[in-house]
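Take these sequences, add in the hints, and give me the full structure.
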Amino acid sequence: MTARLKRIELEGFRGFAERRGVDLDADAVVVRGDNGTGKTSLVDGLLWLFTGELAHLAVRVKGLRQTEDSITNRFHESDAVVSLTVGTSSGDQIFTRKGNQKKNRLFLHRESQAHLDGEQAEEALAAAFGLTNIGELCDAVLTWGLLRQDAMAATLEQGGASLYQRIAGLIGLEQVNQFALAASEASTGLSRQRSDARAAMERAAERHEDAIKRRSIAQKVAASQPDVAAVAKEGLRAVATKLPEGVEPVLGSWGDQSLVTQIGEDADLLTKALEALRARQRGLAAHPETVVELLAQAEESASLAKQAAAESVERAPSMVQLASSAIDLLGDTCPVCEQDIDQASVRMHLQEVLDQSQDLVARSREAQDAFIAAEAELSRARGAVERRRVAIEEVRKAEAGVRDVAKAIEDRLIVSVADLGQPVVEALLVGLRATVSEIAGLRRSVNEISGPHVARLADEVENSAADLAVAERDFSELDRRYKTSKTLEQAAHGAAEAILSNALEELQPSFAEVFDRLRPSVAFTKLSASQDIMRNRNQIIPVVRDQERDIDANPLLVFSEGQLNVVALSYFLGMALNARDSSLPFLALDDPLQSLDVIAILGFSDLCRQMRGQRQLILTTHDRRFADVLVRKLSPRDLGETLLVHDFEGWEREGPLIETTRPDPEPALRIVGQAS
Amino acid sequence: MNSHLAQFADVRAVLVDGGFETEEREFEGLGPVLIAETPLALVMAVGLPAVDWAQYLEEAQARLTTLAAAHPSPRSWDLYLVMIHDDSEREHWARAAYAADTRYARKLFVTGERESIERSLRCLLPLHALPEIELTDSLATVRQQLLAAGVEPAVVEAAISSFADSSKVKIP
Numbered sequence: 012m013t014a015r016l017k018r019i020e021l022e023g024f025r026g027f028a029e030r031r032g033v034d035l036d037a038d039a040v041v042v043r044g045d046n047g048t049g050k051t052s053l054v055d056g057l058l059w060l061f062t063g064e065l066a067h068l069a070v071r072v073k074g075l076r077q078t079e080d081s082i083t084n085r086f087h088e089s090d091a092v093v094s095l096t097v098g099t100s101s102g103d104q105i106f107t108r109k110g111n112q113k114k115n116r117l118f119l120h121r122e123s124q125a126h127l128d129g130e131q132a133e134e135a136l137a138a139a140f141g142l143t144n145i146g147e148l149c150d151a152v153l154t155w156g157l158l159r160q161d162a163m164a165a166t167l168e169q170g171g172a173s174l175y176q177r178i179a180g181l182i183g184l185e186q187v188n189q190f191a192l193a194a195s196e197a198s199t200g201l202s203r204q205r206s207d208a209r210a211a212m213e214r215a216a217e218r219h220e221d222a223i224k225r226r227s228i229a230q231k232v233a234a235s236q237p238d239v240a241a242v243a244k245e246g247l248r249a250v251a252t253k254l255p256e257g258v259e260p261v262l263g264s265w266g267d268q269s270l271v272t273q274i275g276e277d278a279d280l281l282t283k284a285l286e287a288l289r290a291r292q293r294g295l296a297a298h299p300e301t302v303v304e305l306l307a308q309a310e311e312s313a314s315l316a317k318q319a320a321a322e323s324v325e326r327a328p329s330m331v332q333l334a335s336s337a338i339d340l341l342g343d344t345c346p347v348c349e350q351d352i353d354q355a356s357v358r359m360h361l362q363e364v365l366d367q368s369q370d371l372v373a374r375s376r377e378a379q380d381a382f383i384a385a386e387a388e389l390s391r392a393r394g395a396v397e398r399r400r401v402a403i404e405e406v407r408k409a410e411a412g413v414r415d416v417a418k419a420i421e422d423r424l425i426v427s428v429a430d431l432g433q434p435v436v437e438a439l440l441v442g443l444r445a446t447v448s449e450i451a452g453l454r455r456s457v458n459e460i461s462g463p464h465v466a467r468l469a470d471e472v473e474n475s476a477a478d479l480a481v482a483e484r485d486f487s488e489l490d491r492r493y494k495t496s497k498t499l500e501q502a503a504h505g506a507a508e509a510i511l512s513n514a515l516e517e518l519q520p521s522f523a524e525v526f527d528r529l530r531p532s533v534a535f536t537k538l539s540a541s542q543d544i545m546r547n548r549n550q551i552i553p554v555v556r557d558q559e560r561d562i563d564a565n566p567l568l569v570f571s572e573g574q575l576n577v578v579a580l581s582y583f584l585g586m587a588l589n590a591r592d593s594s595l596p597f598l599a600l601d602d603p604l605q606s607l608d609v610i611a612i613l614g615f616s617d618l619c620r621q622m623r624g625q626r627q628l629i630l631t632t633h634d635r636r637f638a639d640v641l642v643r644k645l646s647p648r649d650l651g652e653t654l655l656v657h658d659f660e661g662w663e664r665e666g667p668l669i670e671t672t673r674p675d676p677e678p679a680l681r682i683v684g685q686a687s
Numbered sequence: 070m071n072s073h074l075a076q077f078a079d080v081r082a083v084l085v086d087g088g089f090e091t092e093e094r095e096f097e098g099l100g101p102v103l104i105a106e107t108p109l110a111l112v113m114a115v116g117l118p119a120v121d122w123a124q125y126l127e128e129a130q131a132r133l134t135t136l137a138a139a140h141p142s143p144r145s146w147d148l149y150l151v152m153i154h155d156d157s158e159r160e161h162w163a164r165a166a167y168a169a170d171t172r173y174a175r176k177l178f179v180t181g182e183r184e185s186i187e188r189s190l191r192c193l194l195p196l197h198a199l200p201e202i203e204l205t206d207s208l209a210t211v212r213q214q215l216l217a218a219g220v221e222p223a224v225v226e227a228a229i230s231s232f233a234d235s236s237k238v239k240i241p
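Going down the list, the protein sequences come from chains A and B.
Under this note's numbering, think of the first position of the first sequence as 12, with each following residue one higher.
Under this note's numbering, think of the first position of the second sequence as 70, with each following residue one higher.
Think of the hints as simulated: they come from the structure by calculation, not from any bench.
Cβ atoms here follow ideal geometry from the backbone N, Cα and C, with glycine treated the same way.
If the Cβ cut is set under 7 Å, some of the chain A residues that face chain B in the computed set are:
#1 Gln186
#2 Thr498
#3 Glu524
#4 Asp527
#5 Asp617
#6 Asp649
In C-alpha cells, the structure reads:
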C-alpha cells in the first residue's frame, strides 16, 4: 500500500467557511488547538470525504425538524466542498466531495487522465486504497481508519453488542450474521405457516372425527331397522297437538315436502290477511259511531239557521228602503190626502222605524253567518259519516280476505272455516308455523335412518380422511422445513461464534500490545475481550485482569473515564494493528487521549513513534500538555521521518487560523560505545 | 545488580531485541548498570537493593540525567530508568508512586521472568509483528457447521446458494 494523504482543503464545511488548506504530507501530523478552533471539523472533513455522511451528527437531529444542514457552514452560502489529495503509485489523485447533508457527489481529478464523478469516482477512491468497493472503504474507515472524538468510548458505553459490531466488521462476520438473520426470517415465516398448517390439520381432524361419529350413529340406527311408518305416525301426532282444537292437517305422507312448503305459504298468507284486518280495524276505531248523532244535530241546526236567515233577509231590506224613501218624500202636506202634516213628528217616527229596520238588517246578517257556519258543520259531519262508512267497508273486505285465505287452505286442513273467528284463526296461524317446523324435523329424523343417508356419511368420512391426510402432509413438510431453518440459524450462530472466537484469539495480543504501553491501572494490567452469547446474541465483553491477584473485572465498572478512554483506544488501535492486508495506510485520531494521566500520555506518544512507520498518523488534541509531548516525541530524529504540526490558534467566522511548522530532524548523539 | 543477574540479562536481551544498543557501565555508588539507547530513548537499567531502594533510585536518576546532559539532544527528554526489583508486595504502592513521577525520567519497574519483563518494557519496544487476521470464507464455516449438524448436503447447498443469490435463505 503506497497511498498517502497529502493535503486536505475545506470550504463551506462545518467550521471552515472560506477555503483553507491543511498539508498532510508527513508520516505524522499533529493538529493542536483549543476547543472550538476547527480540529474536529478537519477530521469530520476526512470522514465526509470518505463516507459521504456524518452519521454522528445525523443522530443528534434525528426526529427533529431539520432547519439547518449539518454539513454546510453557517457563514457560507453555497455547498460544502472538501478536497483530498491522495498520493498513489500512479500519481496524485484529487478527490473532491461537494454538497450538503442531503445530497453530495464525489469528483476525481487526475493528471493526464479522464476526470470521474459519482459512482466511478467512489470506486476510484476505494481502489486508491486497495479496496474493491466504496462499502468496504466506508467500513474500513469507520472500523479502524478514523477514530472520532469519544466514539470508541461511546461504543464501550453502549455495551457488548456494540463492540461486537465493530469487531464483526473487522473480521468480516457481517455475512454470517446476515445469513443468520435471513435464516431467522425464513424460520419466522415458516413458523407462521406451520402454525396455520397445524390449525388446518386440527380442523380437518375434527371434521373427520365428527364424520366418523355421525356415520357410526347412522349405521347403528340403520342396523336396528326402525319402523319408519311408526316414526312418521308418532311425528304426525305430535304435529296435530300444535293446532287448535278441531283442526287437523291433511297429511298424506310424512315425506311430502310440497305439502310442508304449501302449509308454510298458507301461514304467510294468513299472516298478511290478519295484518291487513288489524290495520283496517285500527282505521275504523278512528271513526266512532257518534259521528252519526253529530250529523243529525248538525242537520237540525242548519235547518233552523236557514229559516232565520231567510226571514230576516226577506223583511229587513224592504222596511229600511220604505222608511228611507218616506223621509225623503216628506213635505208639509200628505201626498195622498193633501192634509197638513206635522212634519217633525212624522219625521221622528220614520227615523225610529228606520233605526229599528237597520238593527233588523244587522241581525239578519248575523243569522246569515250562523247559517253558513251550520252548513260547514253539517258538511264536516257528513264527511265523518262517509269516512266511517268507508272504514266499515274496508274492515268487511279485510275480514272477507281472511275468510278467503282460510277457505283456500281448507282443502289442506280438516276444518271448516265458515265459523272461524279471529282468535281461532290466529291460533291456527301459530299452529301452522309449529306444524311446518315439526314436519321438517320429522323428515330429517326419518331421512337419517334411511340407507342413502348412511352412504352419504360414509363418503363424508372418506373425503374428510383424505383432507386430513393432505393437511398432515402439509404440516409435516412445513415442520421439517421449519426445523431445518432453525438448524441453519443455529449453525450460523455457531459459525459466528467459532469465527469470532478465533478472531479474538488473534486480536488479544493486539489489545495487550497497546494496553501494556499505556498502563492506565496499577492493579489491572492486562486487557482482553471475552465473547458472551446470550439468547443467540453475540456480545463482546471487555475484561481487565489483575495478574497478581488473578482477578478479572469489567473496566466499565471499575475504571475511571480516563482509564476507560485507554481501554477504548486499546481496542481501536489493536484492531487497526491487526487489520487485514487491505487496511488503510493512515490512522486519524480526533482528541484520542482525554482525561489521561501523564503515564498514559507518554505511553501513547511512544506508541505513536512505533506506529508512524506503519501508518500515516493524523492526531488532533486540545490538550497543550499532551500536544507538546506528542510533538517532541514525534519530532524527526533521523532523515527518514517527517512531522507536520498545525497549530489552530483561533477561530473566526471565515474559519480556523492555522500556523504550520515542519520540524527539522535532530539526531541524537551516541552514548553507547563512547568513552564514559 | 548481583542479586538480579538473570533479570539483568533478560532486560538486556529484551532491549537488544527491541533495537537498542547496550553496554554495561560502572557508576560510583550505583555499581554496575546497563546503558541502552536508540535515537528515540536513553535507558539506564539498575538492580534495586532490598533496602534504601528509593535513595538508590534517586541516585540512579541523577546519574542518568547527568549522562544525558553530557550528550545534549532532543533525546534528553526521553530518559527511562529501568529498575529491577524483587517483587515485594509490601513496596508495591511505593513503587507505583515513583512510577507515576515522570519528572527527569520515566521509571519502569521490572521483575519476574522474561515475558513479564518484556511487558513492562513494552513502551520502549517496537510493535510486535502481529499476525493479520485471516479472513476465512465465513459462509464456508456455516456450511461446515450445517453439515456437522446433520443437515442434508442438498439442503445446505440450496440454502447457501439462495442466500448468495438473493440474501434470503430458502429451504427446499
